[in-house]
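**Q** Residue numbers (the numbering used here), protein chains in the order written: chain E, 1 to 85; chain L, 1001 to 1085; chain X, 2001 to 2155; chain G, 3001 to 3155.
Source of the hints: derived by calculation from the structure; they are not laboratory data. Virtual Cβ for every residue (Gly too), placed ideally from N, Cα, C. One or more hints might be untrue.
To be verified - Covered by chain X, according to a simulated footprint, are these stretches of chain G (three or more residues, beta-carbon under 8 Å): (1) 3048-3055; (2) 3109-3121.
As the list claims (entries may be wrong) - Distance ranges between label pairs, derived from CB positions: (3) M2001(X) with G43(E): 52 to 60 Å; (4) A3130(G) with G2025(X): 50 to 58 Å; (5) E2139(X) with A14(E): 38 to 46 Å; (6) A50(E) with A3018(G): 33 to 41 Å; (7) A3130(G) with Q2063(X): 24 to 32 Å; (8) A3018(G) with P25(E): 45 to 53 Å.
Said to hold, decoys possible - Derived coverage of chain L by chain X (criterion: at least 3 residues anywhere in the stretch with Cβ under 8 Å from a Cβ of chain X; other residues may be distant): (9) 1028-1038; (10) 1058-1071; (11) 1075-1082.
Below are the chains, spelled out letter by letter.
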Amino acid sequence: MKVRLLYFARLREAFGTGQEAAELPAGVATLGDLLDWLRARGGVWAEQLAPGRAYRTAVNQDMAGPEVRLQEDDEVAIFPPVTGG
Amino acid sequence: MKVRLLYFARLREAFGTGQEAAELPAGVATLGDLLDWLRARGGVWAEQLAPGRAYRTAVNQDMAGPEVRLQEDDEVAIFPPVTGG
Amino acid sequence: MKIVVQTEPFDLTAEVVALYRDHPGVGAVASFLGIARDRSDGEEVARMTLEHYPGMTERALAQIVDEARARWDLIDVTVIHRVGELRPTDPIVLVAVAAAHRGEAFAACAFIMDYLKTRAPFWKKERTAAGERWVDARESDDLAAARWTERKAQG
Amino acid sequence: MKIVVQTEPFDLTAEVVALYRDHPGVGAVASFLGIARDRSDGEEVARMTLEHYPGMTERALAQIVDEARARWDLIDVTVIHRVGELRPTDPIVLVAVAAAHRGEAFAACAFIMDYLKTRAPFWKKERTAAGERWVDARESDDLAAARWTERKAQG
């Protein structure tokens, strides 16, 4: 399954990129699976997405939790808690 | 005792005047006494200032109740509940 | 603090900008604009006349703003109230409150409006097809003002 | 309804007037202006950069405004949020709400700001003497947003 990953703000800087096209391996079905898969990259990925770190996730521009099932061509965004206004 | 009386809005129109200089007789010591004295004029005065009619009173530009004692040259205003804003 | 009663229109941007331009600690300006409506109690209103009690009006507004400043940490406040003849869509009143944070600014702005509605000596007379009529005070305004005596301070 | 994310400044008067000029039923416009401060967590801030998530930002703001319109009887709403580089005393965000009466306008304006602060994907990075730093989200903003889930409707 192919998805588009977007990173913003502190995470964009930590990961060194604002976006990537990712081909997810079989078994990565939910947003939670995707986060595990990213953490398995180790380094800043494991560090920034560690349990207890504050970040938010959205699928196709709606806030989404780890239980959400991903679909082909989904736009998945990971970012820090928002600080606008 | 001499006081200045001011009337506004509906009361100004009912009384046919916006202000008057009044020489209060002996015995008119409080704002409540002044209201009794005005009611004793009868007609629109008795009608507009009848118990149960909605009006407000101020002495020297501060809201005041009937117990307030009047002094020489006080500015006493009588007006309907306010409707600005 | 700026408190003005005037017949002329006012410039919203200029009034709001004046509250924060020279105060880089201002993070929030809450403002309220009261506007003359074309309907009142089900009847069409062609125009209205606002009467006030010169002297006491400014004094009452200053007391209301002082009470707001005692309750909340505010940086600056402007209140402008128009009098004279107004037509539908004409602005009547501006209350603008500058503070470091939005909680104080919102609360103080609502407080000042609620108190202004029940304590500042202004009276509206409306011209409708049926003639002229003085607007009656609303119980809902008394209730809105009364809620501030229950909850003394909030951010 | 107007929802815009832009780098340019905006004209407060023009935005507010647009909310009531053609709607003679509007009696109240509550507005909030968020302004860049010169201090944050005790440090002087020389400038800030606002990043956002294009597409989701507008979508999130529209959902917040829709929720406000479902809760209160509103006539029109404008939300403008700036992004890019801003300096102290620069306006960041405008939320302006037009309604027949002030209760709805005030409540909806505060609601939209509270939700914007916790749900709209914007991030601030501040430049201080010590370098650049991402602003941390505030627990007080979460609490401010949470109060609206307790009291569902109010005038």
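**Q** For every hint, state whether the structure bears it out.
**A** Now for the hints, and whether the structure bears them out:
1. 3048-3055: Violated, because only 0 residues of the stretch 3048-3055 of chain G bring their Cβ atoms closer than 8 Å to Cβ atoms of chain X.
2. 3109-3121: Held - the stretch 3109-3121 of chain G has 3 residues with a Cβ nearer than 8 Å to chain X, which meets the minimum of three.
3. M2001(X) with G43(E): 52 to 60 Å: The hint (52 to 60 Å, Cβ to Cβ) holds, given that M2001(X) and G43(E) are roughly 56 Å apart.
4. A3130(G) with G2025(X): 50 to 58 Å: At 20 Å between Cβs, range violated.
5. E2139(X) with A14(E): 38 to 46 Å: violated (58 Å)
6. A50(E) with A3018(G): 33 to 41 Å: violated (47 Å)
7. A3130(G) with Q2063(X): 24 to 32 Å: Since A3130(G) and Q2063(X) have Cβ atoms about 45 Å apart, the given range 24 to 32 Å is violated.
8. A3018(G) with P25(E): 45 to 53 Å: holds (52 Å)
9. 1028-1038: Not satisfied, violated; 0 residues make the cut.
10. 1058-1071: holds (count 4)
11. 1075-1082: holds (count 5)
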